[in-house]
Amino acid sequence: MDNFVEGLSEVTCDVLVIGGGTAGPMAALKAKQKNPALNVVLLEKANVKRSGAICMGMDGLNNAVVPGYATPEQYTKEITIANDGIVDQAPVFKYASRCYDIIQELDRFGIRFQKNANGDFDLKKVHHLGTYVLPMPNGDTVKKALYRQIKRERILVSNRFMATRLLTASDGRIAGATAVNTRTAEFLVLRAKTVILCMGAAGRLGLPHSGYLFGTYENPTNSGDGYAMAYHAGAALANLECYQINPLIKDYNGPACAYVAGPFGAYTANSEGNRFIESDYWSGQMMQEFYNELQSGKGPVFLKLNHLHADTVGEIEEILHKVERPSRGRFHQARGTDYREKMIEMHISEIGFCSGHSASGVFVDEFARTTVPGLYAAGDMASVPHNYMLGAFTNGAVAGEHAAEVALETDLPDFDSEFVKAERKRVLAPTRREDGIPPNQLEYKTRRLVNDYLQPPKVTARMRIGQARLAEVRDDLETALVARNAHELMRSLEVSSILDCADMAAHASLFRTESRWGLYHNRVDYPKKDDDNWFCHTLLRKVDGRLVSEKRPIQPYIVPIENEERTAYDRLRVSNQA
Amino acid sequence: MPLAFSPTTVPVVVDEAKCIADKGCTVCVDVCPLDVLRISDLTGKAHMKFDECWYCMPCEKDCPTGAVTVNIPYLLR
Ligand SMILES: Cc1cc2nc3c(=O)[nH]c(=O)nc-3n(C[C@H](O)[C@H](O)[C@H](O)COP(=O)(O)OP(=O)(O)OC[C@H]3O[C@@H](n4cnc5c(N)ncnc54)[C@H](O)[C@@H]3O)c2cc1C
Ligand code: SF4
Ligand code: SF4
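Protein chains in written order, with our numbering: chain A, 1 to 578; chain B, 1 to 77.
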């Protein structure tokens with residue numbers, strides 16, 4: 001294993017789904033169910049059995065819109081306000097209207113959600129305004145349940161293939177993708193009528209404070225390949241300056257976790273043990289308050305559980321140490337930390353792109369369509385804000401169904417064989433060198449520069465220096481990157497995605513000359529929110545080989561927002577504090 | 001520019017007495033999302049080849065004989 005094998009194969013299908021984590025399996029399932037005659041391929045860099053953010057399971061649905069607790073209108077309003085108004089409401093409203101069906105379907109798959117004595121779903125309040133969190137006491141069953149469905153529907157799964165670029169036809173339609181085997185470096189051309197991108201967040205953009213490249217909040221397989229591929233195919237990417245930054249346990253880089261422990265009475269506190277934010281729901285405004293407290297004389301910040309009854313803490317541990325990030329208990333044990341006795345030190349994560357938690361993604365409409373005909377995106381990498389796991393499932397379903405319909409009416413598009421030849425050369429270049437810089441060093445340097453120059457608070461002059469330094473790293477990548485085996489080749493290609501994402505982060509951040517979304521886009525030299533000029537989306541795309549940003553108006557709201565409601569998330573600081 | 005050999009202590013350890021890779025098992029290698037485990041040509045047992053771990057634990061959970069232990073990577077401990 002890992003030795004280079006020369007090889008070039010071609011596969012043809014109707015619907016190609018790339019990324020088999022959360023959104024991908026659901027997209028493939030729905031495409032196949034829509035029309036069982038279709039040939040659906042699910043391509044995955046890791047192994048669909050255990051891939052993606054949910055590889056071990058999940059603690060709960062963070063944003064379930066369940067009748068009796070919330071309406072699609074309320075949810076759409078909450079997300080619009082939480083995202084500072086920069087929201088096209090149609091896809092959010094569609095998600096909110098559809099997600100209850102998906103919850104019931106997942107329940108039938110065997111993923112059990114928390115129910116009360118009457119057998120009804122039992123939701124908890126974590127958001128600032130409404131009630132949307134549905135615990136999953138058996139959240140470790142998610143992947144198994146999905147995998148059973150994939151097998152049942154006879155979807156063709158290709159594991160250990162990393163997609164590298166998208167193919168487009170002469171008329172601009174999507175035509176497929178190229179991929180490389182991560183254990184042999186064999187090259188694969190996949191032709192398809194429609195393609196659905198489900199490659200997760202760009203989780204390896206910033207460097208965690210520990211310096212460990214893989215100690216990220218996101219599953220590190222999600223290195224931003226989807227963002228890079230969409231960019232190179234000419235698709236528009238929305239609001240990339242609205243980074244993902246999360247409050248995490250210091251050094252562990254797992255969620256702290258407000259959604260699980262909050263409903264039991266735990267909260268985020270400063271070193272005096274006092275609450276300083278009204279709502280622990282993750283928003284840019286909340287992260288700004290978190291950052292301020294962290295930097296203040298009352299820092300650092302802690303997760304506080306030691307005021308709770310020992311049995312309650314036991315119940316929380318039972319969830320936190322078993323399902324989503326089960327090595328958390330070991331981390332605390334090794335340091336002798338007991339939730340019952342001490343508050344737990346927290347910190348902020350490295351930066352990334354993610355719409356699952358924030359709002360930075362490939363632009364999509366309410367049918368999960370990108371701006372490239374025949375190309376769809378769903379999950380963390382698509383621009384529907386704050387959509388979390390249930391958003392990945394629901395929008396994956398929307399994408400799968402629509403892509404299946406379109407595939408039926410489409411002939412297999414042509415593709416440019418010269419492009420494939422050039423791409424194969426690009427992909428394999430690090431394997432052709434005898435000597436040079438290994439991917440781990442190039443990656444460390446890129447991500448260290450991201451931390452030094454691109455993470456907020458953002459400063460114009462600093463970001464410009466960052467761009468210049470990143471350009472030097474790009475030269476090294478193009479002329480000196482060396483991979484000694486297929487595994488290192490995968491890492492090399494990941495560095496190329498990370499570098500593309502870093503360039504996009506800098507470009508998008510410089511374009512929006514105001515501050516918005518709290519910490520996510522805190523531009524120190526443009527400290528004010530400027531609704532007159534910047535109450536709009538920004539779209540970034542590749543034009544003639546260069547990054548180009550433009551403004552895009554926000555579509556008229558379906559659910560109106562009153563003026564005093566607009567600023568609800570600006571008032572998160574506990575009012576009796578300075 | 002010759003490459004140096006820099007040692008790191010790996011977070012995932014395999015109890016060779018319990019590992020049945022020599023009987024054809026490759027479960028941990030198959031499921032790891034980061035693809036960092038391999039069966040050693042020398043010992044015929046599973047081991048961590050690349051220090052690129054998310055300490056997520058499918059390898060430990062899915063191993064049929066309980067041979068795998070995931071520790072927190074040293075830099076985070
Ligand atoms: C630690 C953690 C805790 C979370 N907790 C919660 C929670 O409690 N509740 C909640 O609702 N949400 C939670 N979330 C968010 C939720 O898990 C995500 O929003 C959701 O799973 C994203 O789904 P996805 O399909 O977009 O990405 P993923 O499920 O991550 O799937 C992406 C897939 O793409 C594959 N891939 C990447 N690049 C390539 C490539 N080049 N070629 C082929 N395949 C590729 C990856 O291997 C991966 O399998 C959490 C996330 C994390 C990281
Ligand atoms: S899963 Fe367990 S028994 Fe199988 S190869 Fe890995 S360590 Fe050995
Ligand atoms: S803990 Fe996760 S990343 Fe580390 S070896 Fe096991 S499966 Fe792989």
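Do not rely on the hints blindly, as some may be mistaken.
[As the list claims (entries may be wrong)] Below, simulated DSS-like cross-link-like pairs (lysine-lysine); rule was C-alpha separation at most 27 Å, straight line:
# : chain 1 : residue 1 : chain 2 : residue 2
1 : B       : 18        : A       : 529
2 : A       : 298       : A       : 250
3 : B       : 61        : A       : 151
4 : A       : 445       : A       : 425
5 : A       : 144       : B       : 18
6 : A       : 250       : B       : 23
7 : A       : 445       : B       : 18
8 : A       : 144       : A       : 322
9 : A       : 322       : B       : 23
[Claimed, not checked] Negatives, chain A to chain B, calculated, CB over 10 Å:
#  : residue
10 : 148
11 : 173
12 : 406
13 : 410
14 : 435
15 : 438
16 : 467
17 : 471
18 : 480
[What the hints assert, rightly or not] Non-contacting residues of chain A with respect to chain B, defined by C-beta distances greater than 10 Å in every case (computed):
#  : residue
19 : 341
20 : 551
21 : 561
I should point out that these hints are in silico values taken from the structure, not numbers from a laboratory.
Predicted model, so just to flag it, every value in this text is computed and none were measured.
In this text, a Cβ means the ideal position worked out from N, Cα and C, and glycines have one as well.
Violated constraints from the hint list, given by number and in increasing order: 1, 6, 7, 9, 14, 15 and 18
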